[in-house]
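K.L.:
Okay, here's what each chain looks like letter by letter:
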Amino acid sequence: MTASTTTLVPPSPRGLRLSKAIPGALLLILPSLLLSAMVIGYPIFDVLRMSVADVNRFGRVLGFAGFDNFLAAFTDPIFLQSAWQTLIWTFCVVGGTVLISVPIAIILNEEFYGRTVARTIILLPWAVSLAMTALVWRFVVNGDFGTLNTTLSALGLPFDNFPWLADASTAFGIEILVGILVSMPFTVTIIMGGLTAIPDTLYEASRMDGARGLQGFRHITLPLLRPFLQIAVVLNVIYVFNSFPIIWIMTNGGPANRTDILITYVYKQAFGFGKLGTAAAGSVVMFAMLLAFSVLYLYMTRSREVQQ
Amino acid sequence: MAAIEISKVVKTFGAVKVLDGIDVEVKDREFIVLVGPSGCGKSTLLRMIAGLESISGGQVAIGGRRVNEVGPQERDLAMVFQSYALYPHMTAAENMGFSLKLRNRPAGEVREAVLDAARRLHLTALLDRYPRQLSGGQRQRVAMGRAIVRDPSAFLFDEPLSNLDAKLRAHMRIEIRQLHDALGATSVYVTHDQVEAMTMADRIVVMNAGRIEQVGTPIELFDTPANLFVAGFLGAPTMNFSGGAVVRDDAGELRIALQVSPRTLPLPDTGSLDEGAEIVLGMRPQHIEIVGEDVQDGVIDAEVRAIEQTGCETNLIVAFGDVEWTIQSHHRVLAATGDAIRLRLDPARVHLFDKQTEKRL
Numbered sequence: 093m094t095a096s097t098t099t100l101v102p103p104s105p106r107g108l109r110l111s112k113a114i115p116g117a118l119l120l121i122l123p124s125l126l127l128s129a130m131v132i133g134y135p136i137f138d139v140l141r142m143s144v145a146d147v148n149r150f151g152r153v154l155g156f157a158g159f160d161n162f163l164a165a166f167t168d169p170i171f172l173q174s175a176w177q178t179l180i181w182t183f184c185v186v187g188g189t190v191l192i193s194v195p196i197a198i199i200l201n202e203e204f205y206g207r208t209v210a211r212t213i214i215l216l217p218w219a220v221s222l223a224m225t226a227l228v229w230r231f232v233v234n235g236d237f238g239t240l241n242t243t244l245s246a247l248g249l250p251f252d253n254f255p256w257l258a259d260a261s262t263a264f265g266i267e268i269l270v271g272i273l274v275s276m277p278f279t280v281t282i283i284m285g286g287l288t289a290i291p292d293t294l295y296e297a298s299r300m301d302g303a304r305g306l307q308g309f310r311h312i313t314l315p316l317l318r319p320f321l322q323i324a325v326v327l328n329v330i331y332v333f334n335s336f337p338i339i340w341i342m343t344n345g346g347p348a349n350r351t352d353i354l355i356t357y358v359y360k361q362a363f364g365f366g367k368l369g370t371a372a373a374g375s376v377v378m379f380a381m382l383l384a385f386s387v388l389y390l391y392m393t394r395s396r397e398v399q400q
Numbered sequence: 010m011a012a013i014e015i016s017k018v019v020k021t022f023g024a025v026k027v028l029d030g031i032d033v034e035v036k037d038r039e040f041i042v043l044v045g046p047s048g049c050g051k052s053t054l055l056r057m058i059a060g061l062e063s064i065s066g067g068q069v070a071i072g073g074r075r076v077n078e079v080g081p082q083e084r085d086l087a088m089v090f091q092s093y094a095l096y097p098h099m100t101a102a103e104n105m106g107f108s109l110k111l112r113n114r115p116a117g118e119v120r121e122a123v124l125d126a127a128r129r130l131h132l133t134a135l136l137d138r139y140p141r142q143l144s145g146g147q148r149q150r151v152a153m154g155r156a157i158v159r160d161p162s163a164f165l166f167d168e169p170l171s172n173l174d175a176k177l178r179a180h181m182r183i184e185i186r187q188l189h190d191a192l193g194a195t196s197v198y199v200t201h202d203q204v205e206a207m208t209m210a211d212r213i214v215v216m217n218a219g220r221i222e223q224v225g226t227p228i229e230l231f232d233t234p235a236n237l238f239v240a241g242f243l244g245a246p247t248m249n250f251s252g253g254a255v256v257r258d259d260a261g262e263l264r265i266a267l268q269v270s271p272r273t274l275p276l277p278d279t280g281s282l283d284e285g286a287e288i289v290l291g292m293r294p295q296h297i298e299i300v301g302e303d304v305q306d307g308v309i310d311a312e313v314r315a316i317e318q319t320g321c322e323t324n325l326i327v328a329f330g331d332v333e334w335t336i337q338s339h340h341r342v343l344a345a346t347g348d349a350i351r352l353r354l355d356p357a358r359v360h361l362f363d364k365q366t367e368k369r370l
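These protein sequence lines are chains A and B, in that order. Position 246 of the first sequence, counting from 1, maps to 338 under our numbering, and the rest follow consecutively. Position 97 of the second sequence, counting from 1, maps to 106 under our numbering, and the rest follow consecutively.
Calculated from the structure, these hints are not laboratory results. Even for Gly, the Cβ is constructed at its ideal location relative to N, Cα and C. Careful: at least some of the hints might be erroneous.
Said to hold, decoys possible - Which bits of chain B does chain A cover? Going by a derived footprint, with three or more residues having C-beta under 8 Å, they are:
1) 41–50
2) 72–83
3) 107–114
4) 129–136
Next comes chain B alone, as it looks inside the complex (with noise of 0.2 Å):
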């Protein structure tokens, strides 16, 4: 297994640039998942790392040595599709021993090499079969086998469960990760779900429109993103926004005045806020409690709009005129469409951000 460093790289494509100087560095045997929305460049990196796709500037290095001119042959790394890309014509052995085939290695050998994979895998009763004959999640174990059976120095996976149904996804998720964890890999993972960067990730490069959002562990990007894109990409239901402006109230203190709600609410000690100061709003849905009358400080009013129960948790959509918010509660909330409803929002759980730069404060 081996490290990947990705340094200053730019991809075009004639007078388009897709890729504008990334820096990533996949440390040895870490899951790094790049995440982003279609068409910010993921898939783009991820092939130019496998070597399908020609690198225009910067450079990516495979355990030390610069790759730029080297062939997919070359790099040692093995590859999940999307579309899984089974040769039709070969059975699933065949399949997972095409590599160790075309580098010649004895039948014995091969053979050896694809029924431990298969054992892995699950696969040893469905090795004669041929693709077509096989479901999708079968398909996909194929893809995985023939990715494992030459032992690469790092897999890398392009979507490869998003052809799958959600349950068997779930499933696949947590295989996926065992597999790395036991196979001591380095895996470099595209996908534009966020649950399965969130769930399976040691480190998460977000993307967007060709740059780098934020790199960190999963738990770092959800509890401070650094910025408005990473914050409402990553959680589900998304984050509700609010445009709003550092004020001062009679007392002299420094309040948030927000856009959708005539109430103000305490300023979380960021340090760097003046009065005046334009900022947006963030706030997780689990992070809004819904709280009765009496309560008077950090609170905003809202008109119910819908309730959607799920049986373990509740999501309310509110508003506040024009601008909708989504509350998830682990209660069961009984209200109905057009109540009015009074929502706290726990300070030490308020994200800010700078409207102008988009920036975390």
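Same shape as in the complex, but just chain A (with noise of 0.2 Å):
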């Protein structure tokens, strides 16, 4: 009788080891709960509880404050200024990079002469620090001694002293430029991974199916992609999001604060004005807004698990 029920009614292993394992497992993980915890979960705490306190500018939390700090950067016009500018940096620097990216990556996937070398030269951005890359292209662009106005004029363009940095829509134009440029590796890694999984007889089934010219980019290439890319673009909002380092160093968010995003704009509140306080509120909402897409990223690779 037993072994009929078990037969009809096998008692799940997975369950059964789980709840086996549990407390062992739990003590052996605990140390690094406990400092992950600590050095992640601290600074959200804190963040959190400044946010809705009066602190002053040494860090003192005085009294309960409420909504006031949040008020205080809503009606704050250069943190509405910041945000809007967060959006835009986003969206050119993570459109510019998947768009540049795609066909970088086709090119890096066939079969050419140099194409180790060729990689390794896509690549190495990554291997640089941000900041030491920000300084670069800082001393690249300046007006008076920066190398692109030499070749320019060298070239006979009129770019002589041109301050590419002075003027807000060539400044953010550069550092998105910038950006995208350091964001492009990662991403054409992705990418490079994605092709790699198309197999080839795909491509020779949709020619002999009929497909010509670019047909085989649009229908087996870009769908197969799709995974991929989606990836690409979540993980890469989340990035350049925060991205702190391009934008501090080239332009320190000037000129007028047209090149300020929500991180600068967070730090210059903290660290330059002293208002922790509205400082926390702005990291509150900027976390806000990560963490919907770190759950959209979860979710999508979740679900990604399930399909296969």
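Now that you have both chains on their own, put them together as the hints suggest.
P.N.:
Structure, rendered in structure tokens:
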């Protein structure tokens, strides 16, 4: 009888193993859990606390402030402007990165002489720190002695002493280009992984079916790259949204806050103006936005696993 | 449907010549099987017909039109791949209708054509599924459906059954052949499985090391293999071979002396053999008879090394010293390992090959 019951309703071996394993396993990972909780959890908690507190410029909490900090942030035109610029920054950098990375990845996926060298060159910016890259580019576009103006002038173009970073639109444009440059290696890597996962026979089959020119790209490459593109977009949004060094080093958010994004705004509020409460409120807003994206990312990777 | 003419086709990869002067004429509505061991160039030849591989020399013509410089899109051929190569992001119906969609046919027409093909292949219930939701056999059918939907001038098959289990493979052999007949198609079919070649083909092209060894109907190739390679490649279990020579006996008659036996065998009437000629004798396992001690002429003696009973037939592995032969009998043979056994080789079914040229005598 017992035997027949067990064959009819087999106990989930997975469940059994889990429930047996949990106490011991938990004990083993407890130290790292505690460390993570401290390193990650404590700052989150403290920012949340400060965002609803009256904080003085030295970080001392003076009392409960309710939503005053949030109100202060949302009524600050520079906060709104920075939020808008963050959207432009993120959209342009991520969009530009993906648009440029797809053809680059396709080219690097083809067999050609010197492919390894080309791949290394494309991946090189990844190896350099963001701050160094930003610094180098600040020198390059410097109006008076930058190599960009020297080159353009040598070509006979009227760019002598042209102050690239003094004008908000050119400054932001250049920062976006640098942003694209540093985001590209990672994105190319993801897309190349996606490309190698597409078997050549699919292209052969599509050619036999009559696909010519870009039809193979449109009907085979693009749809099969979609999950990789989604992940590239979401991860890039998370990185770029929060990317501090390029803008901070190249323009400091200037001129006149026209290149500020939320992260530089928050930094200035906290360490420039000593408004730690407003900065905390701004951070919480950013945190919420990024959390939404992270959840989206987890959801996307999970649904892919389920599919497979 | 159309005939395919392959004349003096050469394929080189760098310095390596993988196909060397191939001539095959596939007649309209014919089922041709290219068979050979792996690496013999049969798949390369098929891909050159398809247009997926460039042609280094010679000419491929489809329906009388030279297609050497024509892309696979313009050759109007359909191909079934070994891996099926179904588009994973499209349903079975979308896979099958893709070629028509690329030709901008109206949606209604595409649907009709897909349904028609699906009915032929018993796929109607599976049309909305994605390839990952289909079994191997079903994927194979969808790949076939994708090929027949657009009514091409010829079908190319690249080992389409090699990923299926034995039972399904036997079933699909018949189904593909029936489909070919029903559609009045021209088909070129690549396989390394000689059973597929024997059962499906109108004519078989046996290839080896970039050359054609023999072209003919399955029965021609089985009964009169042109050389040692073809003799050894077709038929299961494989043909037994023994080296030997033509000798003159005391009565002045020409006979065969085999390396495997001290007894001589009567020489079949080939007309061209003289005393001293060095030969290789081939004997199919099915054509060797087990006889009693009383039979004296045309026999050789061996020792039983192993016995395989499959139920309907018995496979005996017998040994003459170091040389092993296989014998297949439809009778139950009750012998044990180590027994001495006497075998009669039917002179009418002996295959003789020249030892030097390996050609049939």
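K.L.:
Could you run down the list of hints and mark each one as holding or not?
P.N.:
Evaluation of the provided hints:
| no. | hint | in the structure |
| --- | --- | --- |
| 1 | 41–50 | violated (count 0) |
| 2 | 72–83 | holds (count 3) |
| 3 | 107–114 | holds (count 4) |
| 4 | 129–136 | violated (count 0) |
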